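Asks: Sequence:
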Amino acid sequence: MHQYAAVTRLVKQGTGKTTLAIGDGANDVGMIQEADIGVGISGMEGMQAVMASDFSLAQFRFLERLLVVHGHWCYKRIAQMLCYFFYKNIAFGVTLFYFEAFTGFSGQSIYDDWYMIFFNVLTSFPVISLGVFERDVPSDVCLQVSMKTDLR
1 MHQYAAVTRL VKQGTGKTTL AIGDGANDVG MIQEADIGVG ISGMEGMQAV MASDFSLAQF
61 RFLERLLVVH GHWCYKRIAQ MLCYFFYKNI AFGVTLFYFE AFTGFSGQSI YDDWYMIFFN
121 VLTSFPVISL GVFERDVPSD VCLQVSMKTD LR
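First residue of the sequence shown: 1, per the UniProt record's numbering; consecutive thereafter.
Think of the hints as simulated: they come from the structure by calculation, not from any bench.
As the structure is a prediction and not an experimental result, all values here were calculated from the model.
Take the hints with a grain of salt, since some may be wrong.
[Said to hold, decoys possible] Derived lysine-lysine pairs resembling BS3-like cross-links, with alpha carbons at most 30 Å apart:
id	residue 1	residue 2
1	Lys88	Lys76
2	Lys76	Lys17
3	Lys88	Lys12
All chains should be built: construct the whole structure from the sequences, respecting the hints.
Replies: Structure below.
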(Lines of atoms letter the chains of each structure in order from A and count residues from 1; the text may use other names and numbers.)
(Lines give C-alpha, C1' and ligand atoms only; values in the text may rest on other atoms or scores of the structure.)
Protein backbone atom coordinates (compact mmCIF):
# COMPACT_ATOMS: atom_id res chain seq x y z
CA MET A 1 0.00 0.00 0.00
CA HIS A 2 1.36 3.35 -1.02
CA GLN A 3 -0.83 5.19 1.48
CA TYR A 4 1.19 3.95 4.46
CA ALA A 5 4.43 5.15 2.88
CA ALA A 6 2.84 8.49 1.98
CA VAL A 7 1.63 9.05 5.54
CA THR A 8 5.07 8.18 6.89
CA ARG A 9 6.72 10.57 4.42
CA LEU A 10 4.29 13.39 5.33
CA VAL A 11 4.88 12.94 9.05
CA LYS A 12 8.65 12.84 8.55
CA GLN A 13 8.68 15.97 6.39
CA GLY A 14 6.02 17.84 8.36
CA THR A 15 7.47 17.37 11.81
CA GLY A 16 11.15 16.95 10.97
CA LYS A 17 11.39 14.24 13.59
CA THR A 18 12.63 10.68 13.42
CA THR A 19 9.94 8.23 12.38
CA LEU A 20 9.55 4.59 13.31
CA ALA A 21 7.30 2.27 11.34
CA ILE A 22 6.15 -1.16 12.46
CA GLY A 23 4.77 -3.71 10.06
CA ASP A 24 4.09 -7.40 9.78
CA GLY A 25 3.23 -8.03 6.14
CA ALA A 26 3.97 -7.27 2.52
CA ASN A 27 1.59 -4.29 2.53
CA ASP A 28 3.80 -2.57 5.14
CA VAL A 29 7.10 -2.79 3.23
CA GLY A 30 6.83 0.68 1.66
CA MET A 31 6.08 2.26 5.02
CA ILE A 32 8.98 0.45 6.68
CA GLN A 33 11.38 1.55 3.96
CA GLU A 34 10.18 5.15 4.06
CA ALA A 35 10.60 5.48 7.84
CA ASP A 36 13.91 6.32 9.47
CA ILE A 37 13.67 3.18 11.59
CA GLY A 38 11.78 0.15 10.34
CA VAL A 39 10.67 -2.68 12.59
CA GLY A 40 9.34 -5.88 11.08
CA ILE A 41 7.33 -8.37 13.10
CA SER A 42 7.48 -11.93 11.88
CA GLY A 43 4.04 -13.39 11.73
CA MET A 44 1.43 -15.17 9.69
CA GLU A 45 1.62 -12.79 6.73
CA GLY A 46 5.11 -13.81 5.67
CA MET A 47 8.61 -12.46 6.01
CA GLN A 48 8.50 -9.50 3.60
CA ALA A 49 8.29 -6.90 6.37
CA VAL A 50 11.10 -8.56 8.31
CA MET A 51 13.35 -8.62 5.26
CA ALA A 52 12.72 -4.92 4.54
CA SER A 53 13.17 -3.73 8.13
CA ASP A 54 16.12 -2.47 10.13
CA PHE A 55 15.11 -4.53 13.16
CA SER A 56 12.98 -7.63 13.38
CA LEU A 57 10.96 -8.91 16.31
CA ALA A 58 9.26 -12.21 16.92
CA GLN A 59 6.36 -10.61 18.78
CA PHE A 60 5.02 -7.10 19.27
CA ARG A 61 5.57 -7.25 23.04
CA PHE A 62 9.37 -7.09 22.52
CA LEU A 63 9.09 -3.58 21.06
CA GLU A 64 9.34 -1.80 24.42
CA ARG A 65 12.58 -3.58 25.25
CA LEU A 66 14.00 -2.78 21.81
CA LEU A 67 13.22 0.92 22.10
CA VAL A 68 13.86 1.59 25.77
CA VAL A 69 16.68 -0.77 26.74
CA HIS A 70 18.62 -1.30 23.54
CA GLY A 71 17.96 2.26 22.39
CA HIS A 72 19.42 3.63 25.63
CA TRP A 73 22.46 1.36 25.50
CA CYS A 74 23.08 2.15 21.83
CA TYR A 75 22.84 5.90 22.46
CA LYS A 76 25.37 5.70 25.30
CA ARG A 77 27.74 3.49 23.30
CA ILE A 78 27.70 5.76 20.27
CA ALA A 79 28.31 8.86 22.41
CA GLN A 80 31.30 7.24 24.11
CA MET A 81 32.61 5.86 20.83
CA LEU A 82 32.55 9.32 19.24
CA CYS A 83 34.49 10.82 22.15
CA TYR A 84 37.07 8.05 21.89
CA PHE A 85 37.27 8.47 18.11
CA PHE A 86 37.99 12.20 18.36
CA TYR A 87 40.50 11.70 21.19
CA LYS A 88 42.38 8.99 19.28
CA ASN A 89 42.58 10.90 16.02
CA ILE A 90 43.44 14.25 17.60
CA ALA A 91 46.22 12.65 19.66
CA PHE A 92 47.59 10.95 16.56
CA GLY A 93 47.26 14.06 14.39
CA VAL A 94 48.87 16.37 16.93
CA THR A 95 51.97 14.18 17.17
CA LEU A 96 52.24 14.15 13.39
CA PHE A 97 51.81 17.92 13.24
CA TYR A 98 54.45 18.56 15.92
CA PHE A 99 56.91 16.32 14.13
CA GLU A 100 56.25 18.07 10.83
CA ALA A 101 56.73 21.47 12.48
CA PHE A 102 59.96 20.22 14.07
CA THR A 103 61.31 18.98 10.71
CA GLY A 104 60.34 22.15 8.86
CA PHE A 105 57.34 20.55 7.12
CA SER A 106 59.64 18.35 5.05
CA GLY A 107 56.97 15.74 4.31
CA GLN A 108 58.80 13.04 6.22
CA SER A 109 56.56 10.97 8.47
CA ILE A 110 57.39 10.17 12.07
CA TYR A 111 55.77 6.76 11.78
CA ASP A 112 56.29 3.97 9.31
CA ASP A 113 53.22 3.17 7.20
CA TRP A 114 52.76 -0.15 8.98
CA TYR A 115 52.75 1.57 12.39
CA MET A 116 49.96 3.85 11.23
CA ILE A 117 47.93 0.85 10.08
CA PHE A 118 48.55 -1.04 13.31
CA PHE A 119 47.65 2.04 15.33
CA ASN A 120 44.17 2.07 13.83
CA VAL A 121 43.78 -1.69 14.21
CA LEU A 122 44.94 -1.78 17.82
CA THR A 123 42.94 1.26 18.88
CA SER A 124 39.78 -0.34 17.49
CA PHE A 125 39.82 -3.03 20.21
CA PRO A 126 38.62 -0.70 23.01
CA VAL A 127 35.72 0.43 20.83
CA ILE A 128 34.78 -3.17 20.05
CA SER A 129 34.90 -4.11 23.73
CA LEU A 130 32.84 -1.01 24.54
CA GLY A 131 30.20 -2.11 22.05
CA VAL A 132 30.08 -5.63 23.42
CA PHE A 133 30.29 -5.08 27.17
CA GLU A 134 29.11 -1.54 27.98
CA ARG A 135 25.87 -1.38 29.94
CA ASP A 136 25.67 1.67 32.15
CA VAL A 137 22.46 0.53 33.83
CA PRO A 138 20.79 -2.88 33.94
CA SER A 139 17.87 -3.54 31.63
CA ASP A 140 15.33 -3.75 34.45
CA VAL A 141 16.25 -0.22 35.58
CA CYS A 142 15.67 1.10 32.05
CA LEU A 143 12.28 -0.60 31.93
CA GLN A 144 11.27 0.72 35.37
CA VAL A 145 12.14 4.28 34.41
CA SER A 146 10.23 3.99 31.14
CA MET A 147 7.12 2.79 32.98
CA LYS A 148 7.19 5.84 35.28
CA THR A 149 7.78 8.50 32.64
CA ASP A 150 5.50 9.64 29.89
CA LEU A 151 7.14 8.97 26.54
CA ARG A 152 6.44 11.87 24.19
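Asks: Hint by hint, say whether it matches the structure.
Replies: Taking the hints in turn, this is what the structure says about them:
no., hint, result
1, Lys88 - Lys76, "holds, 18 Å"
2, Lys76 - Lys17, "holds, 20 Å"
3, Lys88 - Lys12, "violated, 36 Å"
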